Structure formats: C-alpha cells, structure tokens
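Engineer: For reference, the chains in residue letters:
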Amino acid sequence: MTSLADTPKAPGALRYTLLINAAPQSSQASKSALRFAESLLQMGHNIERLFFYGDGVLNASSLTVMPQDEINIPAAWHALIEANGLSSVVCVSSAIRRGIVDTAEAQRHELYATSCFTSSEIGGLGQLIEALSNSDRMLSFG
Amino acid sequence: MNSLHIIAKAPTSASIAELSAIVDEGDVLIFIEDGIYFARTEFSPSSAPRFNHLECYFLEEDLAARGIDILEGMQTVDTRGFVALSARLPRSVSWY
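Those sequence lines, one after another, are chains H and P. Following numbering that gives the first Met the number 0, the numbering of the first sequence begins with 0 at its first residue and continues without gaps. Following numbering that gives the first Met the number 0, the numbering of the second sequence begins with 0 at its first residue and continues without gaps.
For reference, chain H alone in the conformation it holds in the complex (with noise of 0.2 Å):
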C-alpha cells in the first residue's frame, strides 16, 4: 500500500484522534472509521492517533480469517497503519478480556499465543487523554 502519508499537508491540516468501539464483526462502524481515516490522510490530515476501546480491540486482531469475498478490516487496518507509520493503541482492559495480547501481556499472563497486531501498541486511557491534547478533532464510531 502507498502511505497516503506522503501527500503534501493543506495549509488547514488538521490533527485527529479517531476512537473505536465496535467489533469488525458486529456492525458497520469499524469499517466506517477506516474508510474515514483512508480519506481523511488522503485530504492531507493528519492522524494523532488511532485508539480502540472496547469491543473494538477486536480491529487489532492478527488472528481473524474472512470468507474470501469480504474485506478484513483488522488486516486493512494493519495495512493502514503499517503504511503511514500512524499511533495505534488498544486498551490493555478492553484487550485482554477478549484475548488480544501482545508478546508482554502473553509473558505476563502465562499464555502460550500472541494475538495483537504489531502495528498496534496495548496500551491504557491515559494514551487517549493525551492524543486528544495534541488532537484539533475527535470522532467516536462505534
């Protein structure tokens, strides 16, 4: 994928936090939010950071197989954020609970599996408080 990253910044470039709280699965809003944060980088926004709460960890899911006529919006975020070297974090309460873990959350509870995306890092609220500091807007999708 190209970074649309490298598309040279509006004048009125915007910094946005965008916040994630449903499953992939579960209804429409994840992929709406992908498909926002796709056009708003090719607008020439920037994105302070992606941060997935709740059932919406689920997006950051390594392990999620689709049918082959559907689109993985875990691995489509992977590659959004993977390209454009955005922040991504997944909330460790939200994560853990549902059986996203990382290499340290996998050591530090035992687990013999990893199951969280590299791109994104598991961390906690106070990553939200803090990207919204440095955010001109913040919009939730759930």
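Simulated from the structure, these hints should not be mistaken for lab results. Please note that a few of the clues may not be correct.
[To be verified] Derived coverage of chain H by chain P (criterion: at least 3 residues anywhere in the stretch with Cβ under 8 Å from a Cβ of chain P; other residues may be distant): (1) 23-29; (2) 33-39; (3) 126-138.
[As the list claims (entries may be wrong)] In silico EDC-like links for lysine to aspartate or glutamate, alpha-carbon gap of 20 Å or less: (4) P:Lys8 - P:Glu54; (5) H:Lys30 - P:Glu60; (6) H:Lys30 - P:Asp33; (7) H:Lys30 - P:Asp77; (8) P:Lys8 - H:Glu120; (9) H:Lys30 - P:Glu54.
[Stated by the list, open to error] Label-pair ranges, simulated between beta-carbon atoms: (10) P:Thr11 - H:Ser61: 18 to 24 Å; (11) H:Ala82 - P:Arg79: 37 to 43 Å; (12) P:Asp77 - H:Thr102: 37 to 43 Å; (13) H:Leu110 - P:Ala16: 25 to 31 Å; (14) H:Ala78 - P:Gly25: 36 to 42 Å; (15) H:Leu124 - P:Asp23: 26 to 32 Å; (16) H:Glu69 - P:Arg39: 27 to 33 Å.
It should be emphasised that the depicted structure is a prediction, and the values quoted were computed from it without experimental measurement. Idealized CB from N, CA, C, for every residue including glycine.
Following the hints, position chain P against chain H.
Structural biologist: Just chain P now, with coordinates in the frame of chain H:
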C-alpha cells in the same frame, strides 16, 4: 461552538425527540450507516418544515448500500465530504 452530529443508528421516536431537543442552531447533521433511515422521517428534507433550517447530509455510500433513493432537496456527501464537514465544525457528537 457548533457541532457535527454523526447519526449512525436507525431512527426511533425516542432518538428523533432527543435529536430535536439537543441540536442547536448552526449545528450540522450527517446521517451514516443505519442512520440513513432518517431519510424517511421528519428529518427528510421533503417533509421537514420543522427541520428546514438545519443543514443535513446523507452519506452517499450508505444510501446506495441500502437502496434509499435521493429525494428532492436532500444533500449528500461522500466520505471525503464527511471529512470536510468534520474539519469545518469544531466539535462532533456521535449518536450510536
């Protein structure tokens, strides 16, 4: 300070009442996902004397996905237009 209201759920009598009570003069509304079905309520521009003064938009992709025809007077935007609205309004409120 005006807000962009992002309505993503199908209308109910309760949500129509809440929206009517909360939306301020100068606020902008965008209907996305199942919020598209507001096109068949009093928020529809063709039957909306009460809401004629409000700036309302329907997301084109979600209208097409649900087979809802564009009515006369209805304003639509694509996702880039949605981004532009979010940049124009200083705050957003998500209804879901």
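Engineer: The structure should be examined with respect to each hint, and the outcome stated for every one.
Structural biologist: Outcome of the hint check:
With a cut-off of 8 Å between beta carbons, the region 23-29 of chain H has 3 residues touching chain P; three or more are needed, and the interface restraint holds. Judged by the Cβ-Cβ criterion of 8 Å, the region 33-39 of chain H is covered by chain P as claimed, because 5 of its residues qualify and three suffice. Only when three residues or more bring their CB closer than 8 Å to a CB of chain P does the claim for the region 126-138 of chain H stand; here the count is 3, and the claim holds. Among the hinted pairs, Lys8 of chain P with Glu54 of chain P is consistent with the structure: their alpha-carbon atoms are about 19 Å apart, no more than 20 Å.
Taking the CA atoms of Lys30 of chain H and Glu60 of chain P, the gap is near 12 Å; set against the 20 Å cutoff, the hint holds. A C-alpha spacing of about 13 Å is found between Lys30 of chain H and Asp33 of chain P, which places the hinted pair at or below 20 Å, so the restraint holds. For the proposed pair Lys30 of chain H and Asp77 of chain P, the alpha carbon gap of about 14 Å is at most 20 Å, so the pair holds. With a C-alpha separation of about 30 Å, the suggested pairing of Lys8 of chain P with Glu120 of chain H is violated against the 20 Å cut-off.
Simply put, Lys30 of chain H and Glu54 of chain P have alpha-carbon atoms about 25 Å apart, too far for the 20 Å limit, and the pair is violated. With their beta carbons about 37 Å apart, Thr11 of chain P and Ser61 of chain H fall outside the hinted range of 18 to 24 Å. Between Ala82 of chain H and Arg79 of chain P the beta carbon distance is about 19 Å. The supplied range of 37 to 43 Å is therefore violated. Checking the proposed 37 to 43 Å range against Asp77 of chain P and Thr102 of chain H shows it holds: the Cβ atoms sit about 40 Å from each other.
Separated by about 47 Å at the C-beta atoms, Leu110 of chain H and Ala16 of chain P break the suggested range of 25 to 31 Å. One distance hint, 36 to 42 Å for the beta-carbon pair Ala78 of chain H and Gly25 of chain P, holds here, with the actual separation near 38 Å. Range check, Leu124 of chain H to Asp23 of chain P: about 29 Å between beta-carbon atoms, so the 26 to 32 Å window is met. The supplied range of 27 to 33 Å is met by Glu69 of chain H and Arg39 of chain P, whose beta-carbon atoms lie about 28 Å from each other.
This entry does not satisfy hints 8, 9, 10, 11, 13, going by the numbered hints stated previously.
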